[in-house]
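J.: Those letters in the sequence shown? Residues 1 to 524, per the numbering used here, in order.
Everything labelled a hint here was simulated from the structure, so no lab data went into it. For every residue, glycine included, the Cβ atom is placed at its ideal position computed from N, Cα and C. Misleading hints may appear alongside valid ones.
[As the list claims (entries may be wrong)] Okay, the calculated beta carbon distance ranges per label pair:
no.: 1; residue 1: R320; residue 2: S410; range: 19 to 27 Å
no.: 2; residue 1: S486; residue 2: P284; range: 46 to 54 Å
no.: 3; residue 1: A479; residue 2: D289; range: 45 to 53 Å
no.: 4; residue 1: R223; residue 2: E412; range: 34 to 42 Å
no.: 5; residue 1: Q383; residue 2: S122; range: 44 to 52 Å
[To be verified] In silico DSSO-like links for lysine-lysine, alpha-carbon gap of 30 Å or less:
no.: 6; residue 1: K314; residue 2: K399
no.: 7; residue 1: K171; residue 2: K253
no.: 8; residue 1: K197; residue 2: K399
no.: 9; residue 1: K173; residue 2: K254
no.: 10; residue 1: K197; residue 2: K171
no.: 11; residue 1: K254; residue 2: K496
no.: 12; residue 1: K212; residue 2: K426
no.: 13; residue 1: K253; residue 2: K496
no.: 14; residue 1: K212; residue 2: K487
no.: 15; residue 1: K254; residue 2: K171
no.: 16; residue 1: K399; residue 2: K212
no.: 17; residue 1: K207; residue 2: K197
no.: 18; residue 1: K487; residue 2: K394
no.: 19; residue 1: K496; residue 2: K426
no.: 20; residue 1: K170; residue 2: K253
no.: 21; residue 1: K197; residue 2: K173
no.: 22; residue 1: K394; residue 2: K314
no.: 23; residue 1: K212; residue 2: K197
no.: 24; residue 1: K207; residue 2: K496
no.: 25; residue 1: K254; residue 2: K170
no.: 26; residue 1: K487; residue 2: K207
no.: 27; residue 1: K253; residue 2: K197
no.: 28; residue 1: K212; residue 2: K170
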Amino acid sequence: MAQNLEPVSDSVSPSLSAPPPFMLCLSLSPPKKLINVEKKKNMPSELLPHCRALWRPPPPLPAPLSSALGLTPPRPFSLARRSLRPAAKSSAHDRAPAPPPASRRRRRRPRPGPGLIDQAFSRFRHREVVHLSRLRNGLNVLELWHGVTYAFKDLSLCCTAQFLQYFLEKKEKHVTVVVGTSGDTGSAAIESVQGAKNMDIIVLLPKGHCTKIQELQMTTVLRENVHVFGVEGNSDELDEPIRAVFADMAFVKKHNLMSLNSINWSRVLVQMAHHFFAYFQCAPSLDMDPPPRVEVVVPTGAAGNLAAGCLAQKMGLPVRLVVAVNRNDIIHRTVQQGDFSLSEAVEQTLASAMDIQVPYNMERIFWLLSGSNSQVTRALMEQFERTHSVSLPKELHSKLSGAVTSESVSDEAITQTMARCWEENKYLLCPHSAVAVSYHYQQTEQQPPSLPRCCLAPASAAKFPEAVLAAGLTPETPAEILALESKGTRCTPMRKGDDWTLMLRNTIEDISCQQRGHFLNALE
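Let's have the full structure, built from the sequences with the hints guiding it.
T.: Encoded structure:
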């Protein structure tokens, strides 16, 4: 496919011939090359804390957590068989060691299976899991979409599902996952948990507000533990019944409810690796004092990946973050003016997965940049809930605009960017990736880039043929996506005028009843 082409780059290549692979960014072990760099005599002393901050392993984790994270494989624990009886007296010729009986001979331990991280990424199509395409004019595109559903959500959700299944089996428990999606999260969440015996998943998708392929990726999964609703509303409207259900803490506890949206911390935890990987791929050298900075452009909807980038900054990663949005520009207005307020309505754009007005991860960013001030953050969010409009305090706005810059991109700019990237590189961008690349083109037209720049690509163009056609290009659709057209579908409608909250509660109660039935049958 065109996405795998790697034209000759005009940018400076890193001094390390092989930057650390993506899975290493998820591990707790430092790569040997970085250890060797740290040991060089000519290494500036000021750089050592940065290398150590990025790669120094923490204290060993107690089992089984380290095994659960796929960092150390579980090993069978056994005690050597020793006789407690005193040895009988024997003559000299009897003292020669006799071969142990067959039952006591040391047996070769079976090799441990793959860890959870390996299992999570076992179905990714690219051997590198995440791939950087170096294109012309200094354009670096970090492809985060090589998972099963062709979206970056596969990276975090596959890991989260593996962690969940491990601990649920260990504790012999069941959870019901409730997910609201604007397009990509739903299919990735379904893919990560379908068929799992300890999890049921309920997905609410915005009917008519996501692409046909996105919808088919959700509605064609007919597993018993998958329940899909097509909501006659946008992504913000379908969040309302989900919020209402989770506000009832007794109901949540009774039915073991949880979410796999980016409100789930483990999603953000894995997404931090995106930024570390982008940095080590694009940094010109590690032998510099101070360490070089890299600009990372993050196309943003609910701001989970942006929150991960802000956390990576706090950990010492020298990146400058750029948040790129479509016409639904609440984050852009917040960064530029301190105006965290809703527009009149969600606008439908070519970058449909980013058609969001309430980016709930901004709460995490406010808390992080306010110095972990929970009172300030709570006051801001409570006012936003009441009035749908907040002006950030001057100090907080200053910190936000210092940590992040922003850009808002129109549909016209999206299609122009897609066409230009194809013309220059024969490389197809999805409309969300084009939002990030549009910023790159705008900046390079004004002046040569002062920093290496990495544009995150959250999805494959194969999922958005409508946008590709709008850009005057020819879609390239993989066989597995074409096959969705011939599959059966299952989707329960949530129509305007229906009580969506009641429908959601009834489905959750039905799932719990089925689980109790399975448990009683197992006892018999």
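J.: Hint by hint, say whether it matches the structure.
T.: Hints, one by one, checked against the model:
Separation of R320 from S410 is about 24 Å and conforms to the stated range, judged on CB atoms against 19 to 27 Å. For the hinted restraint 46 to 54 Å between S486 and P284, the CB-CB distance of approximately 49 Å keeps it satisfied. Checked against the given bound of 45 to 53 Å, the beta carbons of A479 and D289, roughly 51 Å apart, stay inside it. Between R223 and E412 the C-beta distance comes to about 41 Å, which sits within the given range of 34 to 42 Å.
Against the hinted window of 44 to 52 Å, the Cβ-Cβ separation of Q383 and S122 comes to about 46 Å, which satisfies the hint. With a C-alpha separation of about 12 Å, the suggested pair K314 and K399 falls inside the 30 Å cut-off, and the hint holds. Restraint check for K171 and K253: satisfied, since their Cα atoms lie roughly 16 Å apart, inside the 30 Å limit. Of the pairs offered as hints, the one joining K197 and K399 is violated, with about 46 Å between alpha carbons and a cut-off of 30 Å exceeded.
At most 30 Å may separate the alpha-carbon atoms for a hinted pair to count; K173 and K254 meet this at roughly 12 Å. As the CA atoms of K197 and K171 are separated by approximately 13 Å, the hinted pair is consistent with the 30 Å bound. Proposed proximity of K254 and K496 is supported: the alpha carbons are some 29 Å apart, at most 30 Å. Between K212 and K426, the direct Cα distance comes to roughly 25 Å. Compliance with the 30 Å bound is thereby established for this hinted pair.
With a C-alpha separation of about 29 Å, the suggested pair K253 and K496 falls inside the 30 Å cut-off, and the hint holds. The hinted pair formed by K212 and K487 meets the criterion: a straight-line CA distance of about 13 Å does not exceed 30 Å. Between K254 and K171 the alpha-carbon distance is near 16 Å, which keeps this suggested pair within the 30 Å criterion. Between K399 and K212, the direct Cα distance comes to roughly 40 Å. Violation of the 30 Å bound is thereby established for this hinted pair.
For the hint pairing K207 with K197, the CA-to-CA distance comes to about 28 Å; that is within 30 Å, so the pair holds. At most 30 Å may separate the alpha-carbon atoms for a hinted pair to count; K487 and K394 exceed this at roughly 54 Å. For the proposed pair K496 and K426, the alpha carbon gap of about 44 Å is over 30 Å, so the pair is violated. Pair hint K170 plus K253 holds up; C-alpha atoms about 19 Å apart against a cutoff of 30 Å.
With a CA separation close to 10 Å, the supplied pair K197 and K173 stays within the 30 Å bound. The straight-line distance between the Cα atoms of K394 and K314 is roughly 21 Å, inside the 30 Å bound, and the hint therefore holds. Of the supplied pair hints, the one linking K212 and K197 holds, its CA atoms being roughly 29 Å apart against a limit of 30 Å. Proposed proximity of K207 and K496 is supported: the alpha carbons are some 11 Å apart, at most 30 Å.
Restraint check: the Cα-Cα separation between K254 and K170 comes to about 20 Å, which is no more than 30 Å; the hinted pair holds. The straight-line distance between the Cα atoms of K487 and K207 is roughly 19 Å, inside the 30 Å bound, and the hint therefore holds. With a CA separation close to 19 Å, the supplied pair K253 and K197 stays within the 30 Å bound. Using a Cα cut-off of 30 Å, the hinted pair K212 and K170 is violated, with the two alpha carbons roughly 38 Å apart.
Checked against the numbered hints given earlier, the structure breaks hints 8, 16, 18, 19 and 28 and satisfies all the rest.
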